[in-house]
Amino acid sequence: MDQFLKRNLSIISFIFIPILFLWHPNWLGIMGIQPYWPLFWLLPWSMIHGSINGLIVGLFLGIILDSISIGGGFTQIPGLMLCGIWFGRFSKSDNVVVSHFKYGLICAIGSFLCGSFYFFQFLIQEFPYNKFFLFSPSVKNVLAQVFLTGLLAPLFCSQLFGLFKRSKEKMF
Amino acid sequence: MLNIRRIYNGRWRHKKKKAILFIFLLFLVFVRFAKGSFYKDFYYYISKPFWPGQFQREVISSSLDQELLIKSKQLENDNKRLREILSLQRLSDSETISAAVISRKNGSWWRQIILNKGSKHGVEVGSPVIGPGGLLGRVKNTSFLTSSVILLTSPESKVGVWIDRVQKQGLMVGTGNDYPKLTFYTKDVDIKVGDFVSSSPASTVLPPNIPVGIIQSVDANSNSNKTVNVLLLGKPQAIDWVQILKMKI
Chain A
1 MDQFLKRNLS IISFIFIPIL FLWHPNWLGI MGIQPYWPLF WLLPWSMIHG
51 SINGLIVGLF LGIILDSISI GGGFTQIPGL MLCGIWFGRF SKSDNVVVSH
101 FKYGLICAIG SFLCGSFYFF QFLIQEFPYN KFFLFSPSVK NVLAQVFLTG
151 LLAPLFCSQL FGLFKRSKEK MF
Chain B
1 MLNIRRIYNG RWRHKKKKAI LFIFLLFLVF VRFAKGSFYK DFYYYISKPF
51 WPGQFQREVI SSSLDQELLI KSKQLENDNK RLREILSLQR LSDSETISAA
101 VISRKNGSWW RQIILNKGSK HGVEVGSPVI GPGGLLGRVK NTSFLTSSVI
151 LLTSPESKVG VWIDRVQKQG LMVGTGNDYP KLTFYTKDVD IKVGDFVSSS
201 PASTVLPPNI PVGIIQSVDA NSNSNKTVNV LLLGKPQAID WVQILKMKI
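Chains as they are written, first to last, in this note's numbering: chain A, 1 to 172; chain B, 1 to 249.
Just chain A, same shape as in the assembly (with noise of 0.2 Å):
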């Protein structure tokens, strides 16, 4: 049972990441906004399985999360899509601190990313109604859940990092 546990971590883990994002813990956001949870554990991910991997496990993580939240017309696939492509470019930095801040950089402009992208489509599809109403609550949106993933990936992508580092040389 353990080794099974430490073997399919990474799914495991994919398991609970809808449930983060439902449980949405008010106690960590900013003006009720959260961070982009799905960016702490794509990132790590990613960067140890590549850009085929990602861009895969991008879509999986963008129709699960779709399908959990009332969207409408909207979907967070593609932002996810393209954060799991240029995620698996990246690799791990022997400098700890480097790292860390890289990872709150990467998390950081994934986000942002991600919430143009959810952005754009809010106001492409909402445009004959809302006209500039929707602006300014949505540039709010994306500075905040920039600033709170940025500030809260080291701490989750180190971690879980080290976690699928270890299940990868436990699975060869």
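Honestly, the hints are just simulated from the structure, not real lab data.
As the structure is a computational prediction, the values presented were derived from the model and not from experiment.
There may be inaccurate statements among the hints.
Within a straight-line C-alpha distance of at most 25 Å, the following computed SDA-like cross-link-like pairs (lysine to any residue) qualify [unchecked claim]:
id, chain 1, residue 1, chain 2, residue 2
1, A, Lys140, B, Lys120
2, A, Lys140, B, Lys235
3, B, Lys158, A, Gly73
4, B, Lys140, A, Leu123
5, B, Lys120, A, Trp23
6, B, Lys235, A, Gly29
7, B, Lys140, A, Ser67
8, A, Lys140, B, Tyr179
9, B, Lys158, A, Ser67
10, B, Lys140, A, Lys102
11, A, Lys102, A, Leu155
12, B, Lys235, A, Asn26
13, A, Lys140, B, Leu231
14, B, Lys140, A, Phe120
15, B, Lys235, A, Phe120
16, B, Lys140, A, Gln125
17, B, Lys140, A, Trp86
Derived DEER-like restraints, expressed as beta-carbon distance ranges [claimed, not checked]:
id, chain 1, residue 1, chain 2, residue 2, range
18, A, Ser116, B, Ser98, 37 to 45 Å
19, A, Asn8, B, Val218, 53 to 61 Å
20, B, Gln66, A, Ile30, 54 to 62 Å
21, A, Ile30, B, Ser224, 36 to 44 Å
22, B, Trp241, A, Trp23, 13 to 21 Å
23, B, Ser224, A, Phe120, 54 to 62 Å
24, B, Asp65, A, Gly73, 47 to 55 Å
25, B, Ala202, A, Ile52, 54 to 62 Å
26, B, Lys187, A, Gly73, 29 to 37 Å
27, A, Gly29, B, Val59, 54 to 62 Å
Note that beta-carbon positions come from the ideal geometry of N, C-alpha and C, so glycine has one too.
Position chain B against the provided structure of chain A, taking the given hints into account.
Relative to chain A, chain B alone:
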């Protein structure tokens, strides 16, 4: 020789009488200076059960209550009948389903709550959800055990509402923050800050007269139409239990 000596044994009694007289005198002085207020107040309490009109007022008040109740029932029946004729929404006789909020997203892109009642419990897509204060949103989709509610603050939410004071309808659209925008497609609407917003009596989506919010501010910049910000009465960030209204057409 007889020693006739009269023993005086009434002295203490005379002293007591004098003391009582003195206290009584003091009381009279008090009454005099208080202008009889003590008496009047005392009289107020002892005469209260016998006041003229007291009983009568209760009878009248009770009759008025009954009259209003009957009128209200008649109006409700009329309303039901007319809404049935017009094929408008009305509440089902089985009324509401209580549900707990098990997931809450009220501050990001996805403004939704998830409830612990689903299709198994009879929740239907489109049912309005109310909490303490008023309308929160509508059920967007259901699973077997849960239902997802799109909040009024979500950019996807669009509901017809009614301003009772000016008898005008408008479209309330979520903007992604806590204050949805209410748009009237005419400039000549006398909307004031503090006006009460409720669900539209002509709505085919919501039951009529559910409290929604109050007007918080009026946008001065809009040209062809009038736009106002609405402060919602139902606070999804603080509500743990809600009611799902069952609808029938």
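Restraint status (C-alpha distance of B:Lys140 to A:Gln125 at most 25 Å) = Distance ~18 Å between B:Lys140 and A:Gln125 Cα, so the pair holds.
C-beta pair B:Ser224, A:Phe120: status relative to the range 54 to 62 Å that was hinted | Cβ of B:Ser224 to Cβ of A:Phe120: about 27 Å, so the range 54 to 62 Å is violated.
With a cut-off of 25 Å on the C-alpha distance, tell me whether B:Lys158 and A:Gly73 pass.
-> Distance of about 15 Å is within 25 Å: holds.
For B:Trp241 and A:Trp23, compare the CB-CB distance with the range 13 to 21 Å and indicate the outcome.
-> Holds, at about 19 Å.
Pair hint outcome, B:Lys235 versus A:Gly29 [Cα-Cα no greater than 25 Å] | holds (18 Å)
Does the alpha-carbon distance linking B:Lys235 and A:Asn26 stay inside the 25 Å limit?
-> holds (15 Å)
25 Å limit on alpha-carbon distance, applied to hinted pair A:Lys140 and B:Leu231 | holds (19 Å)
Could you tell me whether the CB distance from A:Asn8 to B:Val218 stays inside 53 to 61 Å?
-> Distance hint for A:Asn8, B:Val218 holds at roughly 58 Å.
Do the alpha carbons of A:Lys140 and B:Lys235 lie within 25 Å of each other, as the hint requires?
-> With Cα atoms ~20 Å apart, A:Lys140 and B:Lys235 stay inside 25 Å; holds.
Mind checking the alpha carbons of B:Lys140 and A:Phe120 for me, to see if they're no more than 25 Å apart?
-> holds (23 Å)
Take the C-alpha atoms of B:Lys140 and A:Trp86, compute the straight-line distance between them, and say whether it is at most 25 Å.
-> violated (34 Å)
Is the distance from the Cβ of A:Ser116 to the Cβ of B:Ser98 consistent with 37 to 45 Å?
-> holds (40 Å)
The earlier numbered hints that this structure contradicts are 1, 10, 15, 17 and 23.
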